[in-house]
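There are 2 protein chains.
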Amino acid sequence: MRALVYDGQLRLAEGYPRPEPPPGEALVRVKLAGICNTDLEIVRGYMGFQGVLGHEFVGVVEECADESLVGRRVVGEINCYCGECPTCRAGAPTHCPHRTTLGIWGRDGAFADYLILPMANLHTVPQALNDEAAVFVEPLAAALEILEQVQVKPTMRVVVLGDGKLGLLVAQVLGLTGCDLVVGGHHEEKLAILRQRGIDARLADELPPEKADVVVDCTGHPGGFTAARGMVKPRGTLVLKSTFHGDVEVNLSMLVVDEITLVGSRCGPFAPALRLLEDGLVDVESLISATYPLDEGLTAFEQAQKKGTLKVLLKIQ
Amino acid sequence: MRALVYDGQLRLAEGYPRPEPPPGEALVRVKLAGICNTDLEIVRGYMGFQGVLGHEFVGVVEECADESLVGRRVVGEINCYCGECPTCRAGAPTHCPHRTTLGIWGRDGAFADYLILPMANLHTVPQALNDEAAVFVEPLAAALEILEQVQVKPTMRVVVLGDGKLGLLVAQVLGLTGCDLVVGGHHEEKLAILRQRGIDARLADELPPEKADVVVDCTGHPGGFTAARGMVKPRGTLVLKSTFHGDVEVNLSMLVVDEITLVGSRCGPFAPALRLLEDGLVDVESLISATYPLDEGLTAFEQAQKKGTLKVLLKIQ
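Protein sequence lines, in the order shown, are assigned to chains Z and H.
Reminder that position 98 of the first sequence reads as 97 in numbering that gives the first Met the number 0, one-by-one numbering, no gaps.
Reminder that position 286 of the second sequence reads as 285 in numbering that gives the first Met the number 0, one-by-one numbering, no gaps.
Just so you know, the hints here were simulated from the structure itself, not pulled from any lab data.
None of these values were measured; they are calculated from a predicted model.
Positions of the beta carbon are idealized from the N, C-alpha and C atoms, including for glycine.
Just to be clear, a hint being listed does not mean it is correct.
Rough simulated footprint, nothing fancy, chain H against chain Z, three-plus residues with beta-carbon under 8 Å [what the hints assert, rightly or not]: (1) 258–270; (2) 289–301.
Okay, the calculated beta carbon distance ranges per label pair [said to hold, decoys possible]: (3) L297(Z) with L202(H): 43 to 49 Å; (4) D246(Z) with Q49(H): 31 to 37 Å; (5) A64(H) with G245(Z): 53 to 59 Å; (6) P153(Z) with R88(H): 43 to 49 Å; (7) D179(Z) with N250(H): 31 to 37 Å; (8) R196(H) with K306(Z): 35 to 41 Å; (9) M253(H) with A270(Z): 43 to 49 Å.
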């Protein structure tokens, strides 16, 4: 099969072996996949991953033990867990120390004709949702994870920093709480997507000076942390959604003095993401910058890395 | 009056002007005061403070508008706030941006014959508590602040790192929750104080490998953060109680991947600290390493800076 592989360099493999689903797993024919910042970071060395990239997808189940799933259109949670260790039994399977993660850690990903995932990870997609919306379920779930972790009250002042793909999803999700939200970014055309939905979105240097109860760093770079930190009220919460290669110098004493809470936030729940998309409460299709066939995967990656680009999709079947 | 002053160097001033209480404030004759790690950090440049040091004290009210307070033995909350700004009105006066802090920021401290504090900051000390216990109310309140911020459940595994003054108070307070607590330190004689109270206290390199739901860093130095971070379970909480001069390199991406919560924690509530001491639920007197008269304040500071020393007190009147 065809696969977009990273093994020190990114390349399109033509005769990559088609995966064989072990017991409990399903073979999925991939229809559409999305390039995430994490994919771009992996190509820069993040996680040290080698293999087929990609973890945002929608596809059709081709083979699996549960016949009711065969032929169904699905999206899939990306963390594959053992289900038996203390972490899994404590209800945190996405943190299973034995986990593999689709296209990120120990498991080939979605930029290929086929992928395999445990049946338990799959969610069927309602007919009303087209592929272009369904492919956003995984990053939208990651945005919703913030609300699993932090109680964002309707009376709170909230700042989202970053107008990239994740920032625009996070802003839309937090806007649904009724909170006093302002988004800071660097691209007028991206901020305009939020303004069209009634969200106060401004160039970062035009943000009001008033500090916020909750600040979410979706900038994807180390400098974003410092900027976000400066916007949090004493006793406020700074949510970290960015992953990148390398360390950041942090003044921990000032976190103590201001009693700031930092919350790292990663993968989130798929079911509510599907509900929000089905109810039309989040707009994802205006986030699509371009769609390329898998055969033009290298060009797609080049496009995705360009400043100002939002979501680049790979049309696979 | 006499005062232990830091103005680039530490010195005992003999003719320091006695403070005059403005409206709303009380003049307190200091009886006994405690040297805190923050005092030692200030002498190394932390906060850039200059003036009379000291913020842990017990004293007697000599002058104030409320006659019922005159002659009463008191301890005092150290943050003096405006009461009118949005932060104060939001119920976080210890974070008032206009605050002064006794012996730390913009206000002379307790290592002197007299201090002034707003009447609203004073708590009368029950007769059953002697001065040697009452002088620990301020650091014990800081230990209790953790429980104001983080729900420590009885079933949780908790690690306290650091067997200094604050570490021993934090360990005792957290032990009262019934949680599965282990304390890591570097001084057998300090750990023994906790063991006598039934707390599992070990040398840091003999801590069990099992990770914890909550880890509290009371080490007081940058390396403590890295050690503490390595002991937190995914989705666990790392409480920062240490303040020190300088920054620390932090891998923020790994906080995201493991969805760790960092909580900065500073000053806490006095009333529950007084209750715990009155009920004999926390032992503080075994934490006293030495007591010096104020006139020997410089020697007291030298002693307090020696490795292995716990609380050094200054007997003032």
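Here's how the hints hold up against the structure:
| no. | hint | result |
| --- | --- | --- |
| 1 | 258–270 | holds (count 8) |
| 2 | 289–301 | violated (count 0) |
| 3 | L297(Z) with L202(H): 43 to 49 Å | violated, 55 Å |
| 4 | D246(Z) with Q49(H): 31 to 37 Å | holds, 34 Å |
| 5 | A64(H) with G245(Z): 53 to 59 Å | holds, 57 Å |
| 6 | P153(Z) with R88(H): 43 to 49 Å | violated, 19 Å |
| 7 | D179(Z) with N250(H): 31 to 37 Å | holds, 32 Å |
| 8 | R196(H) with K306(Z): 35 to 41 Å | violated, 59 Å |
| 9 | M253(H) with A270(Z): 43 to 49 Å | violated, 28 Å |
The structure shown violates the earlier hints numbered 2, 3, 6, 8, 9.
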